[in-house]
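Number of protein chains: 2
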Amino acid sequence: MEVKVVRDILEANEVIARQNWDFFAERGIYVLNLMGSPGTGKTSLLERTLERLKGRWRVGVIEGDIATSQDAERIARYGVPTVQINTGGACHLDGNMVRGAFGELDFDQIDLLIVENVGNLVCPAEFRIGEDDKVMILSVTEGEDKPLKYPLMFQVSSALLLNKIDLLPYVDFDLERFRSYALKVNPRLQIMEISCKTGEGLECWIDWLEERASGKRG
Amino acid sequence: MEVKVVRDILEANEVIARQNWDFFAERGIYVLNLMGSPGTGKTSLLERTLERLKGRWRVGVIEGDIATSQDAERIARYGVPTVQINTGGACHLDGNMVRGAFGELDFDQIDLLIVENVGNLVCPAEFRIGEDDKVMILSVTEGEDKPLKYPLMFQVSSALLLNKIDLLPYVDFDLERFRSYALKVNPRLQIMEISCKTGEGLECWIDWLEERASGKRG
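Going down the list, the protein sequences come from chains A and B.
So the first sequence is numbered by our numbering: it starts at 490 and just counts up by one.
So the second sequence is numbered by our numbering: it starts at 490 and just counts up by one.
Be careful, since some hints might not be right.
No distinction is drawn between identical chains; accordingly, a pair holds when it is met within one copy or between any pair of copies.
Derived BS3-like pairs: lysine-lysine, alpha-carbon spacing no greater than 30 Å straight-line [what the hints assert, rightly or not]: (1) 705 with 543; (2) 686 with 673; (3) 543 with 686; (4) 638 with 673; (5) 543 with 673.
No lab work stands behind these hints: they were computed from the structure.
Excised from the complex, chain A in its bound form:
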C-alpha cells in the first residue's frame, strides 16, 4: 500500500521533470543537479565554481533547503540570480518545486543553471528535476564504504567530486578501495578529487562542467 503511494508520487514527478527538461532545452540552458550529504561541501563548491565561471557563462542558481536562506545569501554575494526554495521539511527537491521557481528567474539571461539540492545522500537521487546531469559530492571524512551503502546516488550521478582531500593525512580513507567500490556501482562514473579549501582539482571539474554545458548550448 505504502509502496503504491510512493510509486505514484515518483511517476507524477517524472512527468513534471520531463516538462521542465523540455522547458530548459528550448532555451538552450544546461541544468546541473548538485547532491550530497549535509556538510559535504555543496555550497563551497558552488562558490568556487561561480568564481571560475564568471564572465564566461551566465549562471543562475536555485538553492534547495529545508529551512533558512543562509546558502542563498552566501551565493547572492557572487552577483548571480539566485532563488531559494524552502522545502518545508521535505528531504529533497522535486520537479514541481523547481517549476515553482520558474517565475523568479529570467531564463533569457541564463545559460547554465545550478540547482543545489537538500543535503541528503538518499532521497534526492530518486527525484528528477529536469536536469541534464546529476553530480554528487562526497568528502573523504565520510568513509570509503559509502558507494556500497548508498548505491542509488552513485548510480544516477554522471560525476562524483571527492572533496576535502586536504584532510586525507588525518583520516582513514583508502582512495583505491573507494574508487573500486564507486566504479563497481557505476562503471561510467567520472571521479574527480578536489579540495574546495585549497582549490586542488577544481580546474578539472570546471573543464568537465564547461564541456557538458557547451554540448547543450545550440
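Since the structure of chain A is already known, use the hints to place chain B on it.
Positioned in the frame of chain A, the structure of chain B alone reads:
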C-alpha cells in the same frame, strides 16, 4: 494532496511506534534510536559503546541500512545479538520495519536495544520506532551551521554527540557558535564532544546512556 498522503503515513507510524514502545516497556527494555548523516560515525560509536557496556548490560542491536549488511557484520563481532534491516531504498527506519525484527531477537535476554538508523540527517527524525531516546551524531567536518539548516533532528534528539573532535585543528568549525545554534533550536539538548578514534569524551557518553537505561529497568 501529497501532503495528505504523507500525513496519513506519519499517523499510521505513530500508532505502530506506540505499540512497539509498549512492547519494550513491558519487558523493561530501554531503546535508543541512533541517527546521523552517512559517515558521521554511527557504527564506530556503536562499537566503542559495545566495548564499554560489555558485562554490564545485555545489549541487542538492530542495524538499519538501505543495502548491504556490512554494519551488522562489523557489530556481530562484538558477540551481541544483531539483526539487519534492509530498507530496500527507503531513507529511514519506521515502526513497522522495527516490528519486523521482533521475531529475530530474544528480548528476554536484552536490557538495552540500540537501533542504528539509516544515514540521513532529515527523514529518520520524523519516524518514531518505539524508542525511549533519539540520539544524534554530527561530526565537526559537517560544519557548524547544521542545527539551523536541519532543525528537526536537533529538536527531537535528547542528546547530541559531536564526533571527530580530533579533527578540530584541521577544519573550520566554531565550537561556541555551533553550541549556540544547537541550543537555540533545542535548549534541552545534551551536547557531548567525543572522538570515536581517540576515545575522548566517551566516558561522559556512557554515563549518560547508563543513567537513561537504568531508569527504564524496573
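Evaluated hints:
1. 705 with 543: Classified as within: same-chain Cα gap 19 Å, cross-chain 60 Å, threshold 30 Å.
2. 686 with 673: both (29 Å within a copy, 29 Å between copies)
3. 543 with 686: Answer is within: at 19 Å inside a copy they meet the 30 Å cutoff, but 42 Å across does not.
4. 638 with 673: Answer is within; shortest intra-copy Cα gap is 12 Å, inter-copy 33 Å.
5. 543 with 673: Classified as neither: same-chain Cα gap 36 Å, cross-chain 37 Å, threshold 30 Å.
Consistency with the previously given hints fails for number 5 only.
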